[in-house]
Amino acid sequence: MSELLLNINNLMVGYKVFDGLLKVLDGVIVKVNKGERIGIVGETGSGKTTTAKAILRILPRTARILGGEILFQNKDVLKMSRSELSVLRGQGISMIFQDPTASLNPVFTVGSIISDVIRYSRTLSSSNKSSQIKETAIDAFRLASLPDPDRLLANYPFQLSGGMRQRVCIAMALATARDLIIADEPTTNLDVTIQDQVLKLIKELVDKKKTSFILITHSLAVASEMTERIYVMYAGTIIEQANTQDLFEKPYHPYTHALLSCIPKLSGGGIALGIPGRMPNYLNPPLGCRFSPRCPQALPVCEKEKPPLTEIEPGHEVACFLFTTKQGVQQ
Amino acid sequence: MNTLNLNATRNSIKRSIYKFSRNKISVVGFFIVLFVVIVAIFAPYLAPYPKHAGAFVDFNNASKPPSLAHPFGTDVFGRDILSRVMFAFRGALITGLGVIAMIVPMGVTVGLIAGYYQGTRIDTIIMRITDIFITLPALLLALAVAALLRPTLFNSMMAVSFAWWPWYVRLTYGMASSVRNEVFVQAAETIGASKVHIIFKEILPNCLAPIFTKMALEIGWVILVGATLSFVGLGEQPPTPALGTMVSDGSKYLPHQWWISVFPALAIMFIILAFNLFGDGIRDMLTTEEV
Amino acid sequence: MNELLKVDNLKKFFPITEGSLFQKKIVYLKAMDGVSFQLNQGEILALVGESGSGKSTTAYTIMGLYKPTEGKVFFKGADISVETTKRPLSLKKEIQIVFQDPGTSLNPQRTIRQILELPLRVHKIVPERNINEKVEELLKTVELPSDYMFKYPRMIGGGERQMVAIARVLATNPSLVILDEPTSALDVSIQAKIINMLLQLQRDFKLSYLFITHDLSLMRNVATKMAIMYLGKINEIAPAQEFFTNPLHPYTQMLLSSIPVISKEERNLRPKKIASIGEIPSPVDIPPGCGFHPRCPFKLELCLEKDPQPVEITPGHFVRCFLYKN
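Just so you know, the protein sequences line up as chains R, E and X, in that order. When you line the first sequence up against this note's numbering, it's residues 69 to 399, in that order. When you line the second sequence up against this note's numbering, it's residues 237 to 527, in that order. When you line the third sequence up against this note's numbering, it's residues 71 to 396, in that order.
Extracted from the complex, chain R is given alone in its bound form:
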């Protein structure tokens, strides 16, 4: 029986703006077991980065937690004290961000950046000797397939290519995190051949260190190569969840269908016309299912009630009234 590492339960997050409150996350449910590789896939504005940042509580000041809980090893992150959060960010969870150039301070060498990370994570014993830190740093660089780690420590980020910078970020994440790594669009800014290398590296290291892994991306194709299970997000709600294979072979939710049909295939055959309409306005989101205004198969109930995420096959959940009732019973 797999042990539940992270349990995001009915998370609701909003952002305060001039015109009111943007009710972005509306009951997000994500469960990650120990050693699992899951993906959260959604388009721009769907709330996936908000979810990731909420887990580490690094949301901007305008954010408001409106409800729900984030249980990490059975403790609610949303209620943690500063010192507990420090330990969480230092030793429990690490994050790799989208733009490696923006994540690395350009006035410091990569060596001093990763040394700071190691030092603040307090994963080493209280001696924290600088030689120990340096060794840990070199090990991490080597693990991340960076050539000549010893010399690399003295380089500045601008001296490295995009792929190498991202590998430095990966090394930093892996040097300290024990339990969970979150990667938010880690390869979007990289070239295709470099992306391939970096993704392979992440997968290899995550498996080797037996850490759990959450991949946030807008690319279903990237998620299909990297994850065992995928959550599909739309407008701040999880609309479908399944094993990667099952999701692509048997998508249930109309949005998942539409999204898959829009992806250009190497086998040709043209691409679908897109999805009519736009993402809802978070100031006044639809009361019922947030996809219903654009859904070709919307039922009258969809506008009024929110469909709960329900299991319709072992390991495959959908939030859609085409398949479930209000009470979350399969139809």
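It is worth saying that the hints were derived from the structure and are not from the lab. Computed from a predicted model, the values in this text were never measured in an experiment. It cannot be assumed that every hint is accurate.
To be verified - Not everything, but these chain E residues come out facing chain X in the computed CB check (under 7 Å): (1) Asn241; (2) Asn391; (3) Val419; (4) Ala423; (5) Glu425; (6) Gly428; (7) Glu438; (8) Asn442.
Claimed, not checked - Partial chain X-side listing against chain R, Cβ under 7 Å, derived: (9) Ser121; (10) Leu161; (11) Glu164; (12) Ala262; (13) Asp274; (14) His284; (15) Leu288; (16) Ser328; (17) Asn338; (18) Pro341; (19) Ser346.
As the list claims (entries may be wrong) - Subject to a maximum C-alpha distance of 27 Å in a straight line, what follows is the list of computed DSSO-like cross-link-like pairs (lysine-lysine): (20) Lys431(E) / Lys376(X); (21) Lys221(X) / Lys84(R); (22) Lys221(X) / Lys91(R).
We put the beta carbon where it would ideally sit given N, CA and C, even for glycine.
Given the structure of chain R, go ahead and fit chains E and X onto it with the hints provided.
Below, chains E and X alone, put in the same frame as chain R:
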């Protein structure tokens, strides 16, 4: 259709006002500026003794300390200082606004041209000339020019303009030279837009925010330089009241008849402070991104 | 076949000063180093490459934003190898470009109406009194509501901004449209809408496209001709069908096998896995011989010394690689 246009404009005005008024002190500045402007315009009606702002003497009433009849006291000629200060606001405002009105269009245009031709000889020529002017201390330059010309309000404004204009060239150049390389400028070029269009319709609108901010914050300092010129006798000539002149005249009688200098000096400080606070608000309004 | 655009041995080098205060050296960044191809009327030519390949430089040089260091560009038979400032207005009407990032290609301080008016005014497409009507018509063509005229770019989404950029391009009724990664920054569902719109517009207005991109899966569904660039040179060029069924150059195969795909069907279509190794070199420091040899799993002795010339394998399918002979 046009209602949508109106709504959009109304909305953006509301947002701008909100951004401005988030700092309460700026709002205070705005009202003081408004007060100064009203006093300057309506001085003949608001001043208790409007005739005292002209050629007037009453030696019986000379050098009287502040009282109910004369809240700021009277000067050596028996003129009510409060009334004279109110009339002096006019010169101060005209200097402040006038100089800005003269140098901004000129300085901004030159800066835009230098920015558009960034990297070429035109840029180098314009900016090096500007740099030379900037290295000369503004106040000294203004004094030198004013000394060469007949002392009038207009000439003192010319002097201040001469010293002040290069800063706008530099500010605009800084913005324009970077905006010039933006993709939308390239897009306009590929479409075939003329240079004039690109400089004034594409580049300029993206440079305005810091220019307006600078203008708002600077009026106060321009007024101060103007007051300094009149302090040394190079501005408006008597009997027209000018704040700097009043301070200078009254300095002979310090500390016993302190009110003759002190009130005009406080007035100068008051105006400058008001414009600074107002300028802060303008800066907040124009530069903060999202609320 | 109507030849619309011809590029002949086009080169663009950027000088870069290196070295210390006393020993300055000028090295050349060879962004484009001998690019030749032809685009016929009605074709969609995809110029594919990663960073440093020179694909954007090629597009910008054709557009006139850069002056060619060497080589020529021909449009409808005429030599147009000069910068935009020296090009006649009538030419600017004919060739238009859609830039990658609509956030920066639309002036944030101008309304959509002002943005769309510009080409109409410059080229006097319609008389002054009909401009409003024409702007509405353009918005309708890209399926945007007329009241968008009064909005500023920041008020609408990325995909919609790109549609405004496309409408702007259509305003002058061009023959050739260059698209510089027009959908790279957009979500897949919005990309689908825009690509389909572009294909429809191509049919309706008889346009020809030069499509700059790194997305091979997308081009599989869009392009009629494919060209792969690496370090400023074209490695392989072929009609689309031939290109995908028979990719020859090792770099092409490496690219194709690196693309993440979803279905088994697609996985089987990928050429035998050529692992991507090594970094992409900088165009300042191009290796001698064939620029790809440091990363090529099939390199020969010859590849380290000499740079291969294009060779035609099947009609229209050219490849630059010593593994292939005529």
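>> Hint compliance check: list the failing hint numbers for this structure, sorted ascending.
In response: Hints 2, 10, 11, 13, 17, 18, 20 contradicted; others consistent.
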